[in-house]
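Going left to right, the sequence shown walks through residues 0 to 309 as numbering that gives the first Met the number 0 numbers them.
Watch out, some of these pointers could steer you wrong.
Pair ranges (Cβ atoms, derived) [stated by the list, open to error]:
1) Gln179 with Leu56: 13 to 23 Å
2) Gln114 with Ser206: 32 to 42 Å
3) Thr61 with Val109: 18 to 28 Å
4) Ala24 with Phe220: 36 to 46 Å
Okay, derived cross-link-like pairs now, DSS-like style, lysine-lysine, Cα gap no bigger than 25 Å in a straight line [as the list claims (entries may be wrong)]:
5) Lys89 with Lys209
6) Lys147 with Lys75
7) Lys89 with Lys112
8) Lys113 with Lys89
9) Lys147 with Lys86
10) Lys273 with Lys41
11) Lys209 with Lys238
12) Lys254 with Lys89
13) Lys31 with Lys75
14) Lys113 with Lys86
15) Lys86 with Lys254
16) Lys75 with Lys202
17) Lys87 with Lys31
18) Lys254 with Lys113
19) Lys113 with Lys87
20) Lys89 with Lys273
21) Lys86 with Lys260
22) Lys200 with Lys273
23) Lys139 with Lys31
24) Lys112 with Lys87
25) Lys260 with Lys273
26) Lys107 with Lys86
27) Lys75 with Lys41
28) Lys107 with Lys75
29) Lys209 with Lys107
30) Lys31 with Lys147
31) Lys31 with Lys113
32) Lys41 with Lys113
Hints are computed from structural coordinates only; laboratory data are not their basis. A virtual CB, placed ideally from N, CA and C, is assigned to each residue, including glycine.
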Amino acid sequence: MITYKIKTVTLLLGLCLLPLEWVHATTAGQDKIHVTSESEIKKEGDSLFSLTLQWRLDNGRTYESTAMAFINGPDKLRPDTAISATKKLKSAMYDALEELYPNSRGVKAVTPKKQPEVTISNNAGFSFTRVTFRDYANQKLSYDLVGKSFGAAQVNFSVDMVYFADIAYLDEFAPPKQTQAAGGGITITIDNNPPIQIATKNKDTRSIEKELANAISQATFSNLSIIPHSRGGGKRNSKPFDGGEIQFSNLAANKITIDLKDPSLGVLTKFQFKDTANEQGATSYFKWVFAVLILLGAGYFFYSWYKEEK
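Could you build all of it, start to finish, from the sequences and the hints given here?
Structure below.
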């Protein structure tokens, strides 16, 4: 009887230690975003292709990193291609991650050989919260979640039109500030549905966004940004939110393709991932409740055994 109780106490003490190690760990590759450049660079001169990532350590703090790839237009001596542009973005991402401690770098990127694409995913123990792509090079870019629909993955996103001149590198070399687009148009395609094409000439960004939102049944125009503004990269990369964007919520589609041909404009594509911080906090709370109950049970059995021995 005594041996039985000793074994019981030992087992319960072992169980009470489990919650201390039983921590929800996000698996590597749970969050993925795949970007494909489906055209060559259309904008002449120098431009930017940039990325801001924010991720969360499980049950912990968030980290943010901004990568900026400088793109050479078709008029340059060594123009970039669709392949080199995505490779530059990947390299810029890893360069930016150098500013963080190694154990804080919760993301990685893969670019298949001779393919104009990059897949960005989370490392184990981390999860995406926000991702923003900024294309000022007039590429045709498609975005998908690698086999998941945006709705199923609970990823909402937005398309925000901006003036290229607003993010010029240096004020003294910046073109005059614009209030209207030069022209060239923008086309948005969802999955294999018919493309939605909008003319941009002599229109401001807000008018273009509203026209696109009206033309795309799954989209809405919003005066609020889907994610807070990031200042990553400074003025040459980011500008304050201008008060309008097209938003997609619970979209039952696997891919969106954006083809901007207006050299006076850039496009920001912002993704809001499901932030599991609250869920993890609740899980952590119940783990500690479970631990306390186990300790109380172990204490009761130990006390009963001790009284019996006396």
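Hint numbers not upheld by this structure, sorted from lowest to highest: 1, 5, 6, 10, 13, 16, 22, 25, 28, 29
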